[in-house]
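**Q** Using the sequences plus the hints, can you model the full thing?
Quick mapping for you: the protein sequence lines, in order, are chains A, B, C and D. For the record, in the first sequence the residue sitting at position 170 is 170 according to our numbering, with numbers rising by one throughout. For the record, in the second sequence the residue sitting at position 195 is 1195 according to our numbering, with numbers rising by one throughout. For the record, in the third sequence the residue sitting at position 235 is 2235 according to our numbering, with numbers rising by one throughout. For the record, in the fourth sequence the residue sitting at position 271 is 3271 according to our numbering, with numbers rising by one throughout.
A hint or two may mislead.
Unchecked claim - A few chain B residues that face chain C, going by a derived Cβ cut-off under 7 Å, partial list only:
#1 Thr1081
#2 Ala1083
#3 Gln1098
What the hints assert, rightly or not - Each computed DSBU-like pair below joins lysine-lysine, with the alpha-carbon atoms no more than 30 Å apart:
#4 D/Lys3165 <-> D/Lys3005
#5 A/Lys157 <-> C/Lys2141
#6 B/Lys1157 <-> D/Lys3141
Since the hints were derived computationally from the structure, they do not count as laboratory data. We put the beta carbon where it would ideally sit given N, CA and C, even for glycine.
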Amino acid sequence: MTADAPAGAAAFSKNEMMIVAAARELAGQRVCFVGVGLPNIAVNLAQRTVAPELELVYEAGVFGARPARLPLSIGDPTIVTGATAVTSMFELFSFYLQGGLIDVGFLGAAQIDPFGNINTTVIGPYAEPVTRLPGSGGACEIAINARQVFVIMRQSKRSFVESIDFRTSAGNLGGAEQSERIRREQGWLGRGPSVVVTDLGIWHFGEDGEMRLDSLHPGATLDEVRATVGWEPKVADSLGTTEAPTAEELRLIREELDPGGAYTR
Amino acid sequence: MTADAPAGAAAFSKNEMMIVAAARELAGQRVCFVGVGLPNIAVNLAQRTVAPELELVYEAGVFGARPARLPLSIGDPTIVTGATAVTSMFELFSFYLQGGLIDVGFLGAAQIDPFGNINTTVIGPYAEPVTRLPGSGGACEIAINARQVFVIMRQSKRSFVESIDFRTSAGNLGGAEQSERIRREQGWLGRGPSVVVTDLGIWHFGEDGEMRLDSLHPGATLDEVRATVGWEPKVADSLGTTEAPTAEELRLIREELDPGGAYTR
Amino acid sequence: MPGSKVASMRDAVAALVRDGDTVAIEGFTHLIGFAAGHEIIRQRKRDLTLARLTPDLIYDQMIAAGVARKLIFSWLGNPGVGGLGAIRRRAEPATSGEGRDLPRLELEEYSHFGMVGRYTAGAANLPFYPLRSYFETDLPKANPLIREIESPYGDGVVYAVPPLKPDVSIVHAQRADANGNTQVWGLLGCQKEAAFAADRVIVVVEELVPEDVVRADPNRTIIPGLIVDAVVVEPFGAHPSYVQGAYDRDNRFYLEWDAITRDEPSLQAWLGEWVYGLDGRAAYVEKLGAERIASLRPGSAPSGSVEYGRYE
Amino acid sequence: MPGSKVASMRDAVAALVRDGDTVAIEGFTHLIGFAAGHEIIRQRKRDLTLARLTPDLIYDQMIAAGVARKLIFSWLGNPGVGGLGAIRRRAEPATSGEGRDLPRLELEEYSHFGMVGRYTAGAANLPFYPLRSYFETDLPKANPLIREIESPYGDGVVYAVPPLKPDVSIVHAQRADANGNTQVWGLLGCQKEAAFAADRVIVVVEELVPEDVVRADPNRTIIPGLIVDAVVVEPFGAHPSYVQGAYDRDNRFYLEWDAITRDEPSLQAWLGEWVYGLDGRAAYVEKLGAERIASLRPGSAPSGSVEYGRYE
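**A** Below is the structure:
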């Protein structure tokens, strides 16, 4: 699944591009709540590249992790040894997340709608599901309490849908106006989703609260994007091309972070 | 202030009698919430005599203290070193006290009424007090959540009053019937006050919820009791005499627990 | 002080876990009580309500074995690997043809913070725990026990979850003394809250230590013996999860589980071989083999000692 | 990681404590921030609202010095000894003739658990904290911020307290690194909650340690540098209270305070000699004398070390 790389650049997979693009979005961020899976490798890459001062918070109860290896799960012992602080989950969720200390929360999604609302609970009706998904975990509270939310997921007609089957985590609700009103009225700390990084490109959220494709990954096409989105997607007037992964980014992923290729294949 | 001791027994002070009587009431108890002052020495004496398995809980956040010396305050470092567990006050109050693990809570009082309701807040009106007292501390929650409450205090017309100026901690409210109804309706874990140990005698609470003098300390008289109680006190038909402190109890107090005489003079 | 609470896993589970109980085996990736779960399977307990933030492999195994009728949870999966087949087959009745004859598993669903709040309310004898979560989601519709509550200060609404008071909580830990005073370091999850919330508590430890070891560092104690009913000494009892400082997560097993759990016969065969076919954790460890175990031992990273001071 | 936050007490208090602030100096008998309180007096801060469960000697001194207009508390006294004269003279206007010209101190009063709940709600951004307290007492009448709240599960009423979010929390601790990652053992009080609830945090430590020392034992960290604005290194800065493992409570001073605080002139004379007359804690320690300090050193009781394991 190697993408068509520009001539002269190293070949890279779509997953590698997705991880690198997500990591770069973390430039300038301070405190990041790390989710299971792809966010895990993206934030570890960011800490080694664009955001050396990034503090990693794991919902398992760790602040300031310095994983000596890529954590195999979000509760890996390597996130504990050498960390700044280990705390109960009660305190992690109460004081760090709900208390407003998290700049970026990372979420994955089985389904996402144009306004960044997320489903990770069920496909089909809740009582008689076609597919039972993992559920919220900490996602629904991260969506509300982290200052902003990054989403990382692959695009497909099944995942990018006009209407999600179950709203597990709030995004921009029915649009920016409603979202801003409700967030203000209910005192949410979070401003909501700010970026969706996929295997094909990078989406940000426009003033209307709907996601807009701002950058296509090298080798990806608008036709591919339209074929993997369940609505007529908004595309930036000045659609850019994501810079391909650098040799150093690829080296970090392949040699240091994921030599077994668990995340990148 | 040596009481008239029975012939042949060692002389002892009224404070010593009060401490010994309170300690003996702890026989058979398992977990005791220790307050500042006289309760502190009484429970430490009980642990060395009638209740060797007594677990001492200090509101400062200590469970299973084994003080190597008499603690100078309820937050003395000697209650930490060698304890079973040290925890935040949040957890101490939430899980130990409110969670229902405390068998006996000890309270002192500036004023107490016939039903064991306690004032430690103000003498006079709240807004313009004649005497500003320390306030509740943990007393009002101990009164509600400890399975039973022991009170230790000196008797006087100023402290044993028909009507207290401010209800800091709930006792038997207006009487047993009301107390039982409210405790049941509101789901209190505590059954309320069960004993008041004073410098003159031992009071338990009768079926009507009012305190009744069950035992006079050696040397104390009913006249003295009546002169130091602001209502017509109930007296048990079979009024007993408190057994004088034993030589061993006095030795423990004088040599081990309070050689400086801070509590007993 | 009180006498020893040390018991075998068999005796502890037989005496303290009863059919119909609500059982919480907590441990967030760290210190997951696999040995206890397997003993519950072996003793063929029935009609349990299983509570756990992350019903992962251990609850997949227990549910495949038929011990449970209901699951209370917040995230259902094999983290970073895939799904849990046994649970899924009992929760997707509409589609899974092969699961049609399997008993339907009742699900009661929260978020992580919601579950932590439930244990906290249970431990603290509160009628509810308030949190800023669930706003504008479908979760309160899916679970009517998630309710709105208005601030008495006129500044809006938050959500509440009800207390969760397990009949039994089972906690795996690095060490305890014979009275059950239990110490943990590394990830703490919500074991303390789950233990204080429970009516009965089983502590399973890697190492039994003298009381003096616990009393030398009272700030490390997360559970006092006061609330503990049995102490089971079961080294390697958290495998394939891990114990900080003692052994690593056996990730190979988590990856292998993805294939085992995919169909009911392979899962039942695994239970036969690794649970029913063994009489306890010692046999399991022996079957795993010394080499596998040695491969999971970490290098050394000592905490260092601090000074409490002697005040006499 | 971020640069050093180490500052002198003078600079930290000058930059971070502002007239009119709500200031919490927490520490329940253990780790009371006397050095910080004295610096606030020296800098003649005004109109502070002082929050603390147990306004003991340090707040009596600060209130005598005129820094505060209001006190939020749960237990007011010199524990085991007696009263606090400066506070009393400003809170009993009806009777204390000598206090008639002193400014009235506003009191806002809770119970211990209420205060802890207030910090917890502040730290967790909750609009209230629920607790089982205050039933059938006069406290909710005396303080209308203590309010009833009904359980959304139809099982009755509990009480609520509002969040407390100090402008500044000051925490004394055994050790921190230059970034403010702070470790405490012994009594923890509610310093963690008070720090997370605050807008600004000053940590005062007995010892500045390299980051590695903190990272070797992350479970001991109670406050992350993330929320810390200044780290002040001030050995013996908690005297006459104590620091577990470092020095004992100087009980002689607590006893002496009973006489000092009894009248305003003697208290003001003490402030002149021990606060205004000294330029900082180092001078205070020197004035106390080496002998007094040596007499407060405890014997040794080490915690022992535990193994975190190296996972690479």
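**Q** Give a verdict on every hint.
**A** Status of each hint after checking the structure:
no., hint, in the structure
1, Thr1081, "holds, 5 Å"
2, Ala1083, "holds, 4 Å"
3, Gln1098, "holds, 5 Å"
4, D/Lys3165 <-> D/Lys3005, "holds, 22 Å"
5, A/Lys157 <-> C/Lys2141, "holds, 27 Å"
6, B/Lys1157 <-> D/Lys3141, "holds, 27 Å"
Violated hints: none; the structure is consistent with every hint.
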